[in-house]
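Peer 1: Can you make the complete structure from the sequences, with help from the hints?
What follows is the residue order along each chain.
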Amino acid sequence: GENVEQHPSTLSVQEGDSAVIKCTYSDSASNYFPWYKQELGKGPQLIIDIRSNVGEKKDQRIAVTLNKTAKHFSLHITETQPEDSAVYFCAAFPTGANSKLTFGKGITLSVRP
Amino acid sequence: DTEVTQTPKHLVMGMTNKKSLKCEQHMGHRAMYWYKQKAKKPPELMFVYSYEKLSINESVPSRFSPECPNSSLLNLHLHALQPEDSALYLCASSQAGGPSGELFFGEGSRLTVL
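Chains as they are written, first to last, in the working numbering: chain X, 366 to 478; chain E, 545 to 658.
These are computed hints drawn from the structure, not numbers from a lab.
Since we're looking at a predicted model, the values are computed, not measured.
A few of these clues could be false.
[Stated by the list, open to error] Which chain X residues stay away from chain E? Per the calculated CB distances, all over 10 Å, these:
id	residue
1	Ser-383
2	Lys-407
3	Lys-423
[Unchecked claim] Simulated restraints, written as ranges between beta carbons of each label pair:
id	chain 1	residue 1	chain 2	residue 2	range
4	X	Gln-410	E	Gly-572	18 to 26 Å
5	X	Asn-368	E	Ser-599	38 to 46 Å
6	X	Asn-368	E	Pro-605	20 to 28 Å
A virtual CB, placed ideally from N, CA and C, is assigned to each residue, including glycine.
Peer 2: What follows is the structure, encoded as structure tokens:
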């Protein structure tokens, strides 16, 4: 089955700086890579995603890149703000019936004011 | 604000109790999910309903019993739980009828089993 590794487990940045979160996956059949943000006391929220036919996608201050050859994808947050502080989960989803979304372990991002 | 509504937000129950968690979505989504999340861990899939039929059961103990009365509602019936079942239970939905990675989560129901 799929295995998604996420590093590091914690990240602290100064407000205004950029943050990069990296993930690797193992199953070459995975073709959809969402990123979820979970704030304290809330459910995960899909913030950006990328499909395997695209190398990069951007939405305002966040962007995601995908390297299919190396089987890794990254989340980039620019001009970080305190409200970006949360747990971020990367995930991978393969094609096929009864496929399951595999999450990484999550990273706690802290943005220092 | 989430469009997947879960009730109750908090639930405390004894090991002999019977209770239910409820989930509702009005986005016309075709699949609904139950996930379990322990502290500082990612969500773990429990069940998937696709077009109101159970399509995935991740070998969940029978003390958890899901039910999908219609396309907008999803219940999780709880009976004879153990303290280790204490967790955040998340409901999610997806527009796609089958399992999907593009999920809309509710805020969760935090369950404590005494």
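Peer 1: Check the structure against each numbered hint from earlier and tell me which ones fail, lowest number first.
Peer 2: Hint check: 2, 5 fail, others pass.
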